[in-house]
Amino acid sequence: MSELSRADIRKLVMEAMLSSSPGSSSSSSGGKTRKSEMKQFSESKSGQVVQREGRKIQSCSEAIKKVAEDQTGAMRETLDRIAEFVEKTGSCLSGMGSLSEGSSMCESLPTVSELKQLHKDIARLEK
Numbered sequence: 001m002s003e004l005s006r007a008d009i010r011k012l013v014m015e016a017m018l019s020s021s022p023g024s025s026s027s028s029s030g031g032k033t034r035k036s037e038m039k040q041f042s043e044s045k046s047g048q049v050v051q052r053e054g055r056k057i058q059s060c061s062e063a064i065k066k067v068a069e070d071q072t073g074a075m076r077e078t079l080d081r082i083a084e085f086v087e088k089t090g091s092c093l094s095g096m097g098s099l100s101e102g103s104s105m106c107e108s109l110p111t112v113s114e115l116k117q118l119h120k121d122i123a124r125l126e127k
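Numbering of the sequence shown is given in the numbering used here, commencing with residue 1 and proceeding in unit increments.
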């Protein structure tokens with residue numbers, strides 16, 4: 001018996017959810033598959049704007065990294081963490097249109113622990 005990967009399990013769950021939801025049978029909808037609200041938004045004009053702005057946010061991360069290279073000690077570490085946080089946020093926004101079914105934007109967002117660490121680092125610099 002082969003092991004199922006996380007992606008396989010998600011696919012199975014999504015198929016089960018879509019097939020069991022009312023009004024989602026392919027015969028009643030003319031063979032169309034249901035799109036998530038996120039997918040619909042990412043394909044809209046507004047969604048395209050958000051993705052473009054996400055790419056700009058990612059480029060800001062590069063500028064922060066360059067500044068961090070000129071710093072030393074705790075300031076350098078903190079700026080590197082800020083750049084990583086900003087890059088993850090921008091990447092999440094810019095990639096929202098390329099999400100495959102069953103994947104989540106939440107997986108690419110910075111974690112709460114990363115935000116808490118960033119908060120501690122900044123507080124340490126303010127002392």
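Keep in mind that the hints were calculated from the coordinates and are not lab data. These numbers come from a predicted model, not from an experiment. It cannot be assumed that every hint is accurate.
[What the hints assert, rightly or not] Straight-line Cα separation of at most 30 Å, DSBU-like style, residue types lysine-lysine; simulated pairs:
1. 45 with 116
2. 127 with 88
3. 88 with 45
4. 88 with 66
5. 120 with 88
6. 45 with 35
[Said to hold, decoys possible] Pair by pair, the computed Cβ-Cβ distance ranges are:
7. 74 with 4: 43 to 49 Å
8. 77 with 109: 39 to 45 Å
9. 33 with 53: 49 to 55 Å
10. 18 with 44: 20 to 26 Å
11. 17 with 123: 27 to 33 Å
12. 120 with 45: 37 to 43 Å
13. 112 with 65: 32 to 38 Å
14. 67 with 8: 40 to 46 Å
All C-beta atoms in this analysis are idealised placements derived from N, C-alpha and C, irrespective of residue type, glycine included.
Checked hints:
1. 45 with 116: violated, 34 Å
2. 127 with 88: holds, 28 Å
3. 88 with 45: holds, 23 Å
4. 88 with 66: holds, 17 Å
5. 120 with 88: holds, 19 Å
6. 45 with 35: Measuring from Cα to Cα gives roughly 16 Å; hence the hint holds.
7. 74 with 4: 43 to 49 Å: holds, 44 Å
8. 77 with 109: 39 to 45 Å: Violated, since residue 77 and residue 109 (Cβ atoms, about 21 Å apart) do not stay within the stated range.
9. 33 with 53: 49 to 55 Å: The hinted range 49 to 55 Å is violated for residue 33 and residue 53, with Cβ atoms some 29 Å apart.
10. 18 with 44: 20 to 26 Å: holds, 22 Å
11. 17 with 123: 27 to 33 Å: violated, 43 Å
12. 120 with 45: 37 to 43 Å: holds, 40 Å
13. 112 with 65: 32 to 38 Å: violated, 23 Å
14. 67 with 8: 40 to 46 Å: holds, 43 Å
This entry does not satisfy hints 1, 8, 9, 11, 13, going by the numbered hints stated previously.
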